[in-house]
Amino acid sequence: GAVVSQHPSWVICKSGTSVKIECRSLDFQATTMFWYRQFPKQSLMLMATSNEGSKATYEQGVEKDKFLINHASLTLSTLTVTSAHPEDSSFYICSAWDSGPDTQYFGPGTRLTVL
Amino acid sequence: SQQGEEDPQALSIQEGENATMNCSYKTSINNLQWYRQNSGRGLVHLILIRSNEREKHSGRLRVTLDTSKKSSSLLITASRAADTASYFCATVLRGTSGSRLTFGEGTQLTVNP
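Note that the protein sequences, when read in sequence, are chains R and C. Here the first sequence stands for residues 1 to 115, where the numbers follow the working numbering. Here the second sequence stands for residues 1 to 113, where the numbers follow the working numbering.
One or more hints might be untrue.
Said to hold, decoys possible - Below 30 angstroms or equal to it, Euclidean Cα-Cα: the simulated DSS-like pairs (lysine-lysine) are:
1. R:K66 to C:K69
2. R:K66 to C:K56
3. R:K41 to C:K56
4. C:K70 to R:K64
5. R:K64 to C:K56
6. C:K70 to C:K56
As the list claims (entries may be wrong) - Simulated restraints on C-beta separations:
7. R:S73 to C:D7: 37 to 43 angstroms
8. C:E53 to R:G100: 17 to 23 angstroms
9. R:K14 to C:L75: 45 to 51 angstroms
10. C:S58 to R:G100: 18 to 24 angstroms
11. C:E15 to R:Q29: 51 to 57 angstroms
12. C:P113 to R:S73: 43 to 49 angstroms
13. R:G53 to C:N112: 48 to 54 angstroms
14. C:A78 to R:K41: 35 to 41 angstroms
15. R:S73 to C:R80: 38 to 44 angstroms
16. R:L26 to C:L61: 23 to 29 angstroms
17. R:G100 to C:H57: 36 to 42 angstroms
Please keep in mind that the hints were generated in silico from the structure rather than gathered at the bench. All residues carry an ideal CB built from backbone N, CA and C; glycine is no exception.
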């Protein structure tokens, strides 16, 4: 299947700093990427839908100024957690939609820990 | 919010036994997918069943879909210790910007050697 990478795989930062997470589709072009958050022992919650060349669509309750999404190319979307706080500590997973097979491929996730 | 509910939340079996996980959902769907997640890792796509299909097989996996009851089940036969993971169903509603996945709460499967 198609490969989606995320970088970094884990990050530890101090409260108040900003953290950028990259999501790349390695062997296909993705006009749409999705960002999810997963707390321990819970399911994935969709945060936002990232569309190449346009503004992201955020789910209800997700602050767009807190979680900045940029989808500048067909293979890269970035999620920036601004002024991170300990409650933002979570596992962030992206997926990229391949329109050919109409399938979402998931990245390996990024573990964010805010001290 | 998650529309899917899965049961059981946790399942512990012995190697060689079969494992059955159930998923219920609330809205119309285009298809339903099952994923596996090892602890702290990304998701691996297991199988997709379309809304007009009732049963699908892939290796040791068997998935059923009952759209009248808005439910699906995943059966893993002859389980192995390596099958230990969390399993999620995800309903798919196709939109103009790709297919939106809504995940169930998941079932934690433990297969004891």
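For this structure, which hints from the list above don't hold up?
The structure breaks hints 1, 2, 4, 5, 11, 14, 17; every other hint is satisfied.
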